[in-house]
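Peer 1: Residue numbers (numbering that gives the first Met the number 0), protein chains in the order written: chain A, 0 to 262; chain B, 0 to 198.
Honestly, the hints are just simulated from the structure, not real lab data.
Misleading hints may appear alongside valid ones.
BS3-like cross-link-like pairs, simulated, lysine-lysine; straight-line CA separation at most 30 Å [claimed, not checked]:
hint: 1; chain 1: B; residue 1: LYS152; chain 2: B; residue 2: LYS132
hint: 2; chain 1: A; residue 1: LYS54; chain 2: A; residue 2: LYS157
hint: 3; chain 1: A; residue 1: LYS157; chain 2: B; residue 2: LYS179
hint: 4; chain 1: A; residue 1: LYS157; chain 2: B; residue 2: LYS132
hint: 5; chain 1: A; residue 1: LYS157; chain 2: B; residue 2: LYS120
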Amino acid sequence: MNIITLSSFDLSLAALLVVLLAILGLILQLGITRQLLVAGLRTTVQLLLIGIILKTLFENTNLWYMAIIAVLMLLLAGREVMARQTHRYTGAWGFAMGTVAMFVSTFTVTLLALTVIINTDPWYTPQYAIPLLGMMLGNTMTGIALGLERLTQAAREKRREIEAQLMLGYSASESVRSIRRESMRYGMIPIINAMAAAGIVSLPGMMTGQILSGTPPLEAVKYQILIMFLITAGTGFGTVVAVLMGARRLFDDRERLRLDRLQ
Amino acid sequence: MACLHIEDVANDVLSPVSLNVHSGECVVISGVSGTGKSLLLRAIADLDRHTGIITLDEVRIEDIAAQQWRARVGLLVAESAWWQETVAEHIPVIDTRNLDALGFEEKVGEWSISRLSTGEKQRLALARLLANKPEFLLLDEPTANLDPETVTKVEALLLRYCRETPAGVLWVSHDPAQIKRVADRHYRLSSQGLEEVSL
């Protein structure tokens, strides 16, 4: 099947729909017209930029370029995890917790997928490595952010219960066991639900994209299944690591609950 | 005789406090709100950071594992916390003599936490604390939410535990009549520190 390339005119037609929506917003006084147009402009500029970067990378397969892009993606995802926390950890921990957890989980799973499962040559071929890492980071980021958010909220809400357990001789780890478990579950539920609903409620974005660009449906499905499993594993492992680190950081070396370590 | 030694213990709110509590004696602290009575108990329980020296039988708090320390100095606050479904899940080994003294039957273990009144929770929190057999008791207004009849039961049990074990008791109370009933020594805490009050 041939890829039907889109012309600037095709994209302008789609953009016209957004402009029409903006006009409707203006008539209905929704107060979103400016926001909508700016977001539309941003999506065009940002995606074109990333397109140019990807084009350059695809034409120059280089381990160092890949490493730089991967670290940049990781740092941006780490910042996003931090920004999503209502009560983030103070100091460098706020950023480090999510970033380290994502590094451990997404980089390991992506590396495994590239070297063992997809087995591209070289393993860091950008055409595979970048989209894979991007999808892994995007989903793992959500799981980790949800897990940490639940953990810090629960620690604040259940301070009395935690300290009562400490006073009865429980260890710090024992006193937050149920909160920790609940937070890990909370971080993993969305991806488990997404796996359960895939293909029934919605067609996953990556698969849809591949089909639109001419990949045979069964090939696209196989890739989608692979991606779903990798994302689930990455999200799960990342959430576990982040929540374990977060729960540990809630206590000091005298096993005191340190809510002052949260903003 | 075991001694809980507190020397210049202070934090951001609490002015330096020095005090000795021996096992078998009940020391009461009173004072206006905001002077740090609860914070003093929390510092001794090692729940909050503090400066100064705290020792138990001449062993410094830093030299005892946190878990072990907290099991030796039990803290009871005015509003108890519960996290499991039933009483028995919180108090696996319960002293029936203590239960009886607090007006409960043995089957209280089967009771659901959700059906307990504030007063019942408070009395059971005391039974839970004593089941741990602490050497020192840190009591932060333990009878604040109880009716007079229950206050009498709780005081009697605490004093019996204090004399029989023998355990030292550091009791924060605002009630002058209660202070007269239970205190061996009475101190008032202010921004200037502790000042002994004659009984």
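Peer 1: Please go over all the hints and tell whether each is borne out by the structure.
Peer 2: Hints versus structure:
1. B:LYS152 to B:LYS132: Status holds; Cα separation ~19 Å.
2. A:LYS54 to A:LYS157: 51 Å, violated
3. A:LYS157 to B:LYS179: 36 Å, violated
4. A:LYS157 to B:LYS132: OK: LYS157 (chain A) and LYS132 (chain B) at ~25 Å, within 30 Å.
5. A:LYS157 to B:LYS120: This hinted pair holds, its Cα atoms lying about 17 Å apart.
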